[in-house]
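Kindly generate the complete structure, drawing on both the sequences and the hints.
Chains A and B, in that order, give the protein sequences. Residue numbers for the first sequence follow this note's numbering, beginning at 2 and rising by one. Residue numbers for the second sequence follow this note's numbering, beginning at 156 and rising by one.
I should point out that these hints are in silico values taken from the structure, not numbers from a laboratory. Please note: incorrect hints may appear among the correct ones.
Cβ-Cβ distance ranges computed for the label pairs, FRET-style [stated by the list, open to error]:
(1) A/Asp39 with B/Arg193: 13 to 21 Å
(2) A/Asn74 with B/Gly196: 20 to 28 Å
(3) A/Glu73 with B/Thr175: 35 to 43 Å
(4) A/Ser68 with B/Glu170: 33 to 41 Å
(5) A/Ala52 with B/Gly171: 46 to 54 Å
(6) A/Thr87 with B/Ala223: 34 to 42 Å
(7) A/Thr83 with B/Glu222: 41 to 49 Å
Beta carbons are placed, not taken as given, at the ideal position from N, Cα and C, and that holds for glycine.
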Amino acid sequence: DAGITQSPRYKITETGRQVTLMCHQTWSHSYMFWYRQDLGHGLRLIYYSAAADITDKGEVPDGYVVSRSKTENFPLTLESATRSQTSVYFCASSPEGGVFQETQYFGPGTRLLVL
Amino acid sequence: GQQVMQIPQYQHVQEGEDFTTYCNSSTTLSNIQWYKQRPGGHPVFLIQLVKSGEVKKQKRLTFQFGEAKKNSSLHITATQTTDVGTYFCAGRGGSEKLVFGKGTKLTVNP
Numbered sequence: 002d003a004g005i006t007q008s009p010r011y012k013i014t015e016t017g018r019q020v021t022l023m024c025h026q027t028w029s030h031s032y033m034f035w036y037r038q039d040l041g042h043g044l045r046l047i048y049y050s051a052a053a054d055i056t057d058k059g060e061v062p063d064g065y066v067v068s069r070s071k072t073e074n075f076p077l078t079l080e081s082a083t084r085s086q087t088s089v090y091f092c093a094s095s096p097e098g099g100v101f102q103e104t105q106y107f108g109p110g111t112r113l114l115v116l
Numbered sequence: 156g157q158q159v160m161q162i163p164q165y166q167h168v169q170e171g172e173d174f175t176t177y178c179n180s181s182t183t184l185s186n187i188q189w190y191k192q193r194p195g196g197h198p199v200f201l202i203q204l205v206k207s208g209e210v211k212k213q214k215r216l217t218f219q220f221g222e223a224k225k226n227s228s229l230h231i232t233a234t235q236t237t238d239v240g241t242y243f244c245a246g247r248g249g250s251e252k253l254v255f256g257k258g259t260k261l262t263v264n265p
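Shown next as structure tokens:
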């Protein structure tokens with residue numbers, strides 16, 4: 002029972018480089034989410050997806066791109082990394098995200114440092 | 156847009172003391188969830204409250220949802236060192252997006 006995994010767990014990159022963070026879940030959950038966590042800001046939603054090929058912006062989407070060609074994968078790409086994108090990134094999934102809003106299950110996180 | 160405020164931001168207690176964190180929303184919530192994040196870990200779901208005035212208990216933890224469904228609290232009785240971590244509330248108003256509070260970081264002095 003792998004649950005939800007993220008890779009890499011740690012990443013150091015340089016300003017201007019493209020970086021892709023991977024998220025994979027084995028539960029066939031409909032909803033998937035990307036959050037970033039920074040001191041003093043809590044968890045901020047970057048993008049979410051209600052199903053394969055359906056994505057929508059969250060609170061802080063600028064500088065990020067997502068795709069969801071398969072239900073189990075939800076990669077997050079930083080097109081041109083900036084130092085302000087240094088953060089801890091969490092992927093989460095949920096069986097449903099609608100009216101009866103289910104629990105969100107979080108991955109272990111990716112710690113990204115942009116130099 | 157919907158905002159969820161959580162106070163205090165930090166709380167330091169002696170082991171055995173009680174602890175409470177409060178969550179307030181700018182809009183009426185359909186439900187509210189609470190998560191715990193241990194240092195270096197990821198958020199883990201604790202509980203969900205749905206009904207107005209609902210109170211739920213998990214051992215030493217008591218969760219309340221306000222009558223107007225705009226506020227909630229988490230109370231820990233007789234804290235232990237295992238309670239250390241950051242506690243987040245998260246609620247949803249009219250949209251399908253869950254909005255998290257900024258969390259309360261609890262430290263416990265043994």
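For each hint, the structure was consulted:
no.	hint	result
1	A/Asp39 with B/Arg193: 13 to 21 Å	holds, 18 Å
2	A/Asn74 with B/Gly196: 20 to 28 Å	holds, 23 Å
3	A/Glu73 with B/Thr175: 35 to 43 Å	holds, 39 Å
4	A/Ser68 with B/Glu170: 33 to 41 Å	violated, 47 Å
5	A/Ala52 with B/Gly171: 46 to 54 Å	holds, 48 Å
6	A/Thr87 with B/Ala223: 34 to 42 Å	holds, 39 Å
7	A/Thr83 with B/Glu222: 41 to 49 Å	holds, 45 Å
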